Amino acid sequence: MATIRRFKAMDLFTVNNINLDKYTETYPLGFYLSYMSQWPDLFSAAESAGGRLMGYMMGKVEGKGELWHGHVTALTVAPECRRLGLARGLMRFLEDASEKTYDCYFVDLFVRPSNKVAVRMYETLGYILYRQVIDYYMGNGVMPTEYAYDMRRALPRDVGGKSVVPLKHPVSIEETFF
Amino acid sequence: MEQRQLRPVYDALNIDNVKQALKECDRLLRKNPNHLSAHALKAYALARLGDTDDALEIGEKILKLSKSAANLHVRQALVLTYKFLRRPAEVIAVYNAAQKHLPDDESIYTSIFLTAASNEMFSEQHQAAVAVNKAFKREKYTWWIVVSLLVQSQFEKGPGNAQLQLTLAQRMAEKALQDHHVTNTEHLRVLLLVLDAQGNHEAMLSALSLNSPMAQQIANDPDLVTQRIDLLVKTRSFKEAIDAAAQTLDTRDNWIDYKLYIEAAVGAIKQFAGDPDAQQQVLSDTCERLTKWSHTRGRARGAQLATVELAAKIDVSGFSVGHESCVRSLGDQIWAYVDSFQNKAICYSDIMQYFVDNVREAAEATDSSPAISTALLDFHSDQLSQRIQQVRQNADNSEDSAQAWVNMEKIRYLLQALRGDDDPEKWIAGVDSFLKFGLDSKNAKAKQAASSDMVLLACQRLIQAMFLAYPRDQQKTHGLLTRAVFTILCVLEEGIRLNGENFLLKLYAIRLYLCLSCYSRARTLYDSLDIKHIQNDTLGYFIVGQGLALGCFIPDLELSYQGVSFYDTAYVTIPHELESAYKNGTYSNVPDFLEFNDNLKNSFQRQVSHRCALRNETIEQGRSKDVVEVLETTDTQSIELTDSVLASLHDNRDFKVMGLLTPLDMAQWNLEILTRPTPVHSAHWIRVFSFLPQVMHYVAVVDVEALEAKKGQLLSTVAEAGDSLSVYDKKIVQGICCIADIYTCSLEKTSSVDEKIDELVKIIDTGIPDEETADPKPTDLCKLPLSTIRDLAVVTEIFTYAVCAKHSASRHNLPFSNAFGFALTQLRKKALRCIPALKSWSNKSARSAISDSWVDTDQPMLLSDISHIMRTKHKQALDTVVKGCADSWLKSAKGVLAHWEQCSL
Chain A
3 MATIRRFKAM DLFTVNNINL DKYTETYPLG FYLSYMSQWP DLFSAAESAG GRLMGYMMGK
63 VEGKGELWHG HVTALTVAPE CRRLGLARGL MRFLEDASEK TYDCYFVDLF VRPSNKVAVR
123 MYETLGYILY RQVIDYYMGN GVMPTEYAYD MRRALPRDVG GKSVVPLKHP VSIEETFF
Chain B
62 MEQRQLRPVY DALNIDNVKQ ALKECDRLLR KNPNHLSAHA LKAYALARLG DTDDALEIGE
122 KILKLSKSAA NLHVRQALVL TYKFLRRPAE VIAVYNAAQK HLPDDESIYT SIFLTAASNE
182 MFSEQHQAAV AVNKAFKREK YTWWIVVSLL VQSQFEKGPG NAQLQLTLAQ RMAEKALQDH
242 HVTNTEHLRV LLLVLDAQGN HEAMLSALSL NSPMAQQIAN DPDLVTQRID LLVKTRSFKE
302 AIDAAAQTLD TRDNWIDYKL YIEAAVGAIK QFAGDPDAQQ QVLSDTCERL TKWSHTRGRA
362 RGAQLATVEL AAKIDVSGFS VGHESCVRSL GDQIWAYVDS FQNKAICYSD IMQYFVDNVR
422 EAAEATDSSP AISTALLDFH SDQLSQRIQQ VRQNADNSED SAQAWVNMEK IRYLLQALRG
482 DDDPEKWIAG VDSFLKFGLD SKNAKAKQAA SSDMVLLACQ RLIQAMFLAY PRDQQKTHGL
542 LTRAVFTILC VLEEGIRLNG ENFLLKLYAI RLYLCLSCYS RARTLYDSLD IKHIQNDTLG
602 YFIVGQGLAL GCFIPDLELS YQGVSFYDTA YVTIPHELES AYKNGTYSNV PDFLEFNDNL
662 KNSFQRQVSH RCALRNETIE QGRSKDVVEV LETTDTQSIE LTDSVLASLH DNRDFKVMGL
722 LTPLDMAQWN LEILTRPTPV HSAHWIRVFS FLPQVMHYVA VVDVEALEAK KGQLLSTVAE
782 AGDSLSVYDK KIVQGICCIA DIYTCSLEKT SSVDEKIDEL VKIIDTGIPD EETADPKPTD
842 LCKLPLSTIR DLAVVTEIFT YAVCAKHSAS RHNLPFSNAF GFALTQLRKK ALRCIPALKS
902 WSNKSARSAI SDSWVDTDQP MLLSDISHIM RTKHKQALDT VVKGCADSWL KSAKGVLAHW
962 EQCSL
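Listed in order, the protein sequences are those of chains A and B.
With this note's numbering as the guide, the letters of the first sequence map in order to residues 3 to 180.
With this note's numbering as the guide, the letters of the second sequence map in order to residues 62 to 966.
Honestly, I wouldn't trust all of these hints.
For lysine to aspartate or glutamate, the following DMTMM-like pairs were computed, each having C-alpha atoms within a straight-line distance of at most 25 angstroms [what the hints assert, rightly or not]:
1. A:118 - B:482
2. B:537 - B:482
3. A:102 - B:314
Calculated Cβ distances over 10 angstroms to all of chain A for the following chain B residues [unchecked claim]:
4. 224
5. 320
6. 360
7. 452
8. 487
9. 537
10. 654
11. 702
12. 904
Derived by calculation from the structure, the hints in this document are not laboratory data.
Here the structure is a predicted model, which means the values were calculated and not measured.
Even glycine gets a Cβ: it sits at the ideal position worked out from N, Cα and C.
Okay, chain A solo, but in the shape it has when bound:
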């Protein structure tokens, strides 16, 4: 239980309890602000009853034709706020907007295979492993270099589920650009 609302620039002053987690990257300012200025309804925050941030999700829409889709850029929840269903709530926020506001065909996301808890959660939310992306995550001294799982879930517009037929071979990062 939390309040899920739009993320605001002022929230950046209070994300430390979330971003100090080792799986969460702190990006340059421009990265957050550009998402806010382009897709404000796809960047949401979860706030506790006491007014503290518990997690957030950054998303965008991109692609052409049948590749028009919602993308989860970052989804993170503070360590003490895990196992509460927050990530599901935030995902639902993005899926709803992708479906109802942007009329997308599918939603996709990248995740570290080593983050097994996250992979399992996405699977329970109906996401399938669509393809692997070679060396998507670069090591930074804290986290190692790693492949990414590109996971997808079809939205009602993709009637035949074409967007979620898994690829057989890994792809390079360049092949994932829309």
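With chain A fixed as given, assemble chain B onto it according to the hints.
Coordinates of chain B only, in the frame set by chain A:
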């Protein structure tokens, strides 16, 4: 043709070879001295190379020429030049000049608007919006005007006419609504912002009406749905608010909606005063719905916390309408919530404030501290004791059970703090069992979050007990205090070893290492948290300036630069994104971005980072005589901060990050405050260290009158600052004032210069460790972390300033320069004899001294049992702390020694 001619210039600029670009411009100008584009690009190249005056001169000349700005290359180059030089007014002047010749060019109109908008030139922004709308009449330009008026009314400094601006904005936005130009939720949000700024809730509700053409889009926007409920509550339409909230809560689990629902229900009950049946009906309906939602899968937490909220509201309102039938007392409701969700890590932070509100009796509160109800505290303590034993016994069973114990222990901590328990023994009661669970159990080996939380909780209790038993201001217990800090660090290091993902353990360890003057190990832990970008502003306070205070000048300078460079980046990034918000039509971001920009531009930590960078730079340059020239020519006046500037600073520092277990207003129990190695930087600190380079500037230029005046300001600031400045900061001021006195005495011949030189020598000399201090006996070990290293770093800084002053005196042939130089040379000789002794001791003997004083000692202390546990069962962590301390002190000694060696006279 022109494009081809300019290609080499652009190519050079594209690869950042600005000197080559300048050469290419000169080459073109030799062939054709009237080549305007080459002139404009030359201005840009000169600006990039730091030749601002010439760049501006060329720009001004070009702009005076008729039609020059109509040329695209000239215009672009001049815009780039002025943008680079951060001169938005000149950028607009370029576009204005171009507009005269290209009156139909829409992009020039929008560029003027975006330049003004992104640089917070609100009046120009509004005028530009009106102009572009008048010329091209597009829907988006109407909204540019509305947003311009809105932000002008809210953010323009100085006397303005906010009400008129808002009224105009409202008229335009409402007309847009009538004309069906409110076509998306961003338009609607702007209208709502305008109406909200005027407190016009009825009109806001009307805009959010379910019958509006935007109804479907509103329904798909969760924030707007919530805003509508909020407005219904604000307009006291409680019945409609209840219905709207209930309808929303039937489909989603959102805390703010629960909160508004409760607020509406309580409002309705109040409205029915005198009609107990109606009141009872509202209450019953509310309880019924909450019960229904609590039985929905995944919804229990929200609904049950809402029941606690309802009980709290009823508690405050003092209703006696038979609510006992469906809502229990707040105390009972709190415990019902704890019983249901004690196995969730979030449980404590959900419920903590309700405990606090429940036991604080607002009616009897005083200004200093709210009164506490002992009866209610006893009630909660009784409830806790009925449960805690059970959860403790079950903690090994599962992670959920362990989490339940953690939550109960957190509640115990809070109740103890609320009771004002100042018995250290009671604070450490049970900590041994925490450590057994957190460090030795199978849960710990499995790296369960709860076991790591238990280690943290143990440390929080130990810290609380330590500062109660050994206050910092009681010198006789300093030996015990440092030993206790060392012991707690051992626990923290073991916790980090077992679960390095727990950043809270690292934050506490950073603080405690700094309390022991161990910068290097603290910095390693800080770096392991990968703190960067915005975190420089919010978390930099943990460590920025500490390296300077502990002799690690270069690492501190690097960190200060990291902060300064973040703020410089923000200076470019935020205006760019403001432009994007206008271009993308996401107008509701604009007030948020402006507020964010203001918070960063006027950030407290930004000032701190600049001052620390400046001090570190001076120390670095203090190795050479060049520093005097730098001090002579530097514009130190511009860094003076007035009261109004200081008052407008925003404190973005995140003081809540340390996982505090008590509300922030309970300072005595606030571990963030208790663990500060020195007072956090205050407004007084910023002012003092703004005056300091100014004093040194007047020393360098030998302006005694100004020097005296500045010294007076410095001293009065210190007097005002009280304890917000550390003793070390005050010592630096003392040293600087003494340097100033040497000058004034010499030039005004008011008293003996020799006495003043002796005074300065004494100040510096007391901070240089003598041979005994540099090789401390085990019994004196506490002096090293508590004073020796910090004193040494402080006098090193003062010595640097003194050397600068001496060089200045020599340059100006002041009569005391030889005597001054001789005195400083003697000091340097002593330092170069004693500091190596400290370095050698840190390298060779520190570890055994720590073992003798803090590990293998039989002297009893509060934390002896914990020390024994760590010594016998967790030797590895103990070794880590011993090594961390010794290595850190060694690095401090090396840093200081290197400086004295190179700081020649």
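These are the hints, each one checked on the structure:
1. A:118 - B:482: Violated. Residue 118 (chain A) to residue 482 (chain B) sits at ~44 angstroms, over the 25 angstroms cutoff.
2. B:537 - B:482: Judged against 25 angstroms, a Cα distance of about 23 angstroms means the pair holds.
3. A:102 - B:314: Holds: residue 102 (chain A) and residue 314 (chain B) sit about 19 angstroms apart, inside 25 angstroms.
4. 224: Holds: least Cβ distance 25 angstroms, greater than 10 angstroms.
5. 320: 8 angstroms, violated
6. 360: Residue 360 (chain B) is in fact no farther than 10 angstroms from some Cβ atom of chain A, at 8 angstroms.
7. 452: It holds; residue 452 (chain B) is separated from chain A by about 18 angstroms at its closest Cβ, greater than 10 angstroms.
8. 487: 26 angstroms, holds
9. 537: 38 angstroms, holds
10. 654: 6 angstroms, violated
11. 702: Fine: 22 angstroms to the nearest Cβ keeps residue 702 (chain B) off the interface.
12. 904: At roughly 28 angstroms from the nearest Cβ of chain A, residue 904 (chain B) sits farther out than 10 angstroms, so the non-interface label holds.
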